[in-house]
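In order, the protein sequences belong to chains A and B. 67 is the number that our numbering gives to position 67 of the first sequence; each next residue is one higher, with no gaps. 425 is the number that our numbering gives to position 425 of the second sequence; each next residue is one higher, with no gaps.
In case anyone wonders, no lab produced these hints; they're calculated from the structure. Accuracy of the hints is not assured; some may be wrong.
Claimed, not checked - Lysine-lysine pairs mimicking DSS-like chemistry, simulated, CA-CA at most 30 Å apart:
# : chain 1 : residue 1 : chain 2 : residue 2
1 : A       : LYS2      : B       : LYS392
2 : A       : LYS53     : B       : LYS137
3 : B       : LYS430    : B       : LYS269
4 : A       : LYS60     : B       : LYS440
5 : B       : LYS137    : B       : LYS269
6 : A       : LYS100    : A       : LYS184
7 : B       : LYS440    : B       : LYS411
8 : B       : LYS440    : B       : LYS392
9 : A       : LYS2      : A       : LYS53
Take a look at the letters that make up each chain.
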Amino acid sequence: MKVAATYNIKGGVGKTSAAVNLAALAAGDGLRTLLWDLDPQGSATFLFRIRPKVRGGAAKLVRGRSEVAGLLKGTDIEGLDLLPSDFSYRHMDLVLDATKRPTARLTRILTPLADAYDLVILDCPPSISLVSESVFEAADALLVPMIPSVLSVRTFEQLLEFVNANVVARPEIVAFFSMVDRRKRLHRDLVDQLPAVYAGIVAAAIPAAADVERMGGQREPLQMFAPRSAAARAYARLWQETRDRLGL
Amino acid sequence: MPQPVPVELALSSDADMEGVTRLLGRSMPVHAAPPRSCERILLDSFDGRLRERGWTAWRDVRGGASSPAPLTLECPPEGRFSGTARPGRRDRILVSELTDGPARRLLEPVLDERALLPLVRVRARTQPLSVCNRDAKTVVRLVHEDTRVTAGGTEIRLAPRLRVVPVLGYDRDFARVTALLTGRGGLTRADGSLADEVMTAAGLDPRGVSSEVRVRLDPAMPAGPAMLAVCRRLAEVVDANLAGTIDDLDPEFLHDLRVAVRRTRSVLKEMRGVLEPGAAQRSRVDLRWIQEVTGPTRDLDVLLHDWPAMTAPVPAGMAADLDPLEQLLRRHRAEAYSAMRRQLRSRRFGQAWEDWRQVIGGDGSVGGPAAGHPVGELAAGRILSVYRSMVKMGSAIDDSSPPPALHDLRKRGKELRYLLELFGGMWPAKRVKPLVAGLKGLQEVLGHFQDDEIQVAELRGLGPELASAPGGTDSLIALGFVLDGLSASQRQARASFAARFADFTRPSTRDAVRDTFGPTRRHR
Numbered sequence: 001m002k003v004a005a006t007y008n009i010k011g012g013v014g015k016t017s018a019a020v021n022l023a024a025l026a027a028g029d030g031l032r033t034l035l036w037d038l039d040p041q042g043s044a045t046f047l048f049r050i051r052p053k054v055r056g057g058a059a060k061l062v063r064g065r066s067e068v069a070g071l072l073k074g075t076d077i078e079g080l081d082l083l084p085s086d087f088s089y090r091h092m093d094l095v096l097d098a099t100k101r102p103t104a105r106l107t108r109i110l111t112p113l114a115d116a117y118d119l120v121i122l123d124c125p126p127s128i129s130l131v132s133e134s135v136f137e138a139a140d141a142l143l144v145p146m147i148p149s150v151l152s153v154r155t156f157e158q159l160l161e162f163v164n165a166n167v168v169a170r171p172e173i174v175a176f177f178s179m180v181d182r183r184k185r186l187h188r189d190l191v192d193q194l195p196a197v198y199a200g201i202v203a204a205a206i207p208a209a210a211d212v213e214r215m216g217g218q219r220e221p222l223q224m225f226a227p228r229s230a231a232a233r234a235y236a237r238l239w240q241e242t243r244d245r246l247g248l
Numbered sequence: 001m002p003q004p005v006p007v008e009l010a011l012s013s014d015a016d017m018e019g020v021t022r023l024l025g026r027s028m029p030v031h032a033a034p035p036r037s038c039e040r041i042l043l044d045s046f047d048g049r050l051r052e053r054g055w056t057a058w059r060d061v062r063g064g065a066s067s068p069a070p071l072t073l074e075c076p077p078e079g080r081f082s083g084t085a086r087p088g089r090r091d092r093i094l095v096s097e098l099t100d101g102p103a104r105r106l107l108e109p110v111l112d113e114r115a116l117l118p119l120v121r122v123r124a125r126t127q128p129l130s131v132c133n134r135d136a137k138t139v140v141r142l143v144h145e146d147t148r149v150t151a152g153g154t155e156i157r158l159a160p161r162l163r164v165v166p167v168l169g170y171d172r173d174f175a176r177v178t179a180l181l182t183g184r185g186g187l188t189r190a191d192g193s194l195a196d197e198v199m200t201a202a203g204l205d206p207r208g209v210s211s212e213v214r215v216r217l218d219p220a221m222p223a224g225p226a227m228l229a230v231c232r233r234l235a236e237v238v239d240a241n242l243a244g245t246i247d248d249l250d251p252e253f254l255h256d257l258r259v260a261v262r263r264t265r266s267v268l269k270e271m272r273g274v275l276e277p278g279a280a281q282r283s284r285v286d287l288r289w290i291q292e293v294t295g296p297t298r299d300l301d302v303l304l305h306d307w308p309a310m311t312a313p314v315p316a317g318m319a320a321d322l323d324p325l326e327q328l329l330r331r332h333r334a335e336a337y338s339a340m341r342r343q344l345r346s347r348r349f350g351q352a353w354e355d356w357r358q359v360i361g362g363d364g365s366v367g368g369p370a371a372g373h374p375v376g377e378l379a380a381g382r383i384l385s386v387y388r389s390m391v392k393m394g395s396a397i398d399d400s401s402p403p404p405a406l407h408d409l410r411k412r413g414k415e416l417r418y419l420l421e422l423f424g425g426m427w428p429a430k431r432v433k434p435l436v437a438g439l440k441g442l443q444e445v446l447g448h449f450q451d452d453e454i455q456v457a458e459l460r461g462l463g464p465e466l467a468s469a470p471g472g473t474d475s476l477i478a479l480g481f482v483l484d485g486l487s488a489s490q491r492q493a494r495a496s497f498a499a500r501f502a503d504f505t506r507p508s509t510r511d512a513v514r515d516t517f518g519p520t521r522r523h524r
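Next comes chain A alone, as it looks inside the complex (with noise of 0.2 Å):
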């Protein structure tokens, strides 16, 4: 089993809507997947029209109290599992910290499921904290989506430092670009040149498209409405790479 988290310090950078279509994509090639939506705005769980209720909450689940298998909901796509958001993740760091070795629980709780997913993706809430930490420990990759800007280049520096210097078991980085607009000078630079000087940014770039935004309305994956659009090209083209590096 591999674990990918779809993580960013800042937040708005299109993480749900890759983890969800990434998730997808993985499922239609036959991979066995859990998408475990970590964020408690639950939008990956909205967007798969389940409810964002995890039975015992986060304190269960982090204690090992709750049986991980008996949450878990099967989606609209066949071999996609979600393990939903619950509203009391928002606490997850409290819960984290009063755990002995609380940086290893997210491993923890995936353990049972080691046989029964060939891929789980977390999708991370954005900020650096307790629960970072533990994706960072429990995850193969972190995949970075980056909207081409210099603060978020800088954002990018400021996580490349953070795991290297905290993280002993580190997860390999895959970053992309997100919400591209190639009307846009900057973006047509930043998209070109960083690849350069960066070596974990793959050449798959999602686009700023009206479809990934009307998600929210489908409430599915890209590749459910429109499979033929530029952003779902884009997100099968990240599959690839991501599915690449993982050794999938």
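Since the structure of chain A is provided, determine the placement of chain B on it from the hints.
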């Protein structure tokens, strides 16, 4: 993680589907997805190992021999798994040809060396439907399946089925939908699995082909017809496994064929005087020849099967040095197989087998002097005699006995085992079982000892050829570790012999053998 198991319902006609959507649509929205068509092939091992576990495997009919073959493995309650077989032969898929993943991991211990064989080709048109909740979320999946079986140049349409597939975490909706369909909807559960129905429609036994020999015998039955019944069943096993042996589908075909021939030879030897002596003698010669021409391939199959365990003592850094040796073994195996195939296709084999069929084709009324004796009495006498001879042979074995002494005891043990397997059903199982258990334990160490002996000889014999091969010198050094490992394992088997033999000859077993098979107390 156990997955919810789908339910299959029988539909009497296509019109039933309209009723299904109408019925469910009253309380829950039902959405139809575009229909799909596919062609696929049902797979199982020759002996139906997947079916025995309630599993089903399908191969998509896509691409040619040079394309990977996509597989779907349905293993309730574990779930449904996809896998891909590397391009290769289209008449079989070996587990080792599957890409790593859950399907391979599940199949490995079940199939071992058995191949998955393409059994029946089907064309299916499926109509998926989603039963949704108020949020338009799919909570139950329905699949209307219309399957056509292609067999013998014709196409047979099966009765349509409705598969009700639960969605994880929505158990209550699944129960509700199933109850509605089977209650007010009046649908009934399909009789057996789709795979069974497909097999039956194609004229095949869904259970696969068994190499077991279970012939019901009455102890009072004359030995002639009884022995012929046993030999005919053994001949059926040979016939069933011959094509797979010739086509080299997997090593188990040859193994089962050889066991059936060996059992037949054993019956001929032990039940001497039942068949007409001249015919029996000619048949024994022919059957021995079949054993001889199939032996080298089987020995190499065993060696290659044991290869990973055998090479375990080789230090990791030297493991690659064994590659030339493994290649050499595989080449020898290919040569042995070609020679065997030639013999099995030869006129001599055809004639020998036809002659044997003639011998066992009669009703047993014409036979040797013992043909009219009750089979129970005759078999009991032989079981008792072989057991006693084993006790005598084994008691004479000590630490200084040469390997052939253990080998001879093993051969005798096989004869006893075959007598018990083929004729032991005439006695109460509780009396036969302790003897079988003791014999099994003894045969295990003797088999271990003998296999190691053969493998050491086989590998040593390759030395000169290996030395002249590229990389041969390094391979010879690594071979030293393999031979050391085999010798150690053989010593261990030898050390276990005394305890196992004591178990086989313990007073309670001796008493049971005497009481069960002795002359005055038979067939109680």
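Right, here's what the structure says about each hint:
1. LYS2/A <-> LYS392/B: violated (61 Å)
2. LYS53/A <-> LYS137/B: holds (15 Å)
3. LYS430/B <-> LYS269/B: holds (27 Å)
4. LYS60/A <-> LYS440/B: violated (52 Å)
5. LYS137/B <-> LYS269/B: violated (71 Å)
6. LYS100/A <-> LYS184/A: violated (48 Å)
7. LYS440/B <-> LYS411/B: holds (13 Å)
8. LYS440/B <-> LYS392/B: Judged against 30 Å, a Cα distance of about 18 Å means the pair holds.
9. LYS2/A <-> LYS53/A: Since the Cα atoms of LYS2/A and LYS53/A sit roughly 25 Å apart, the hinted pair holds (cutoff 30 Å).
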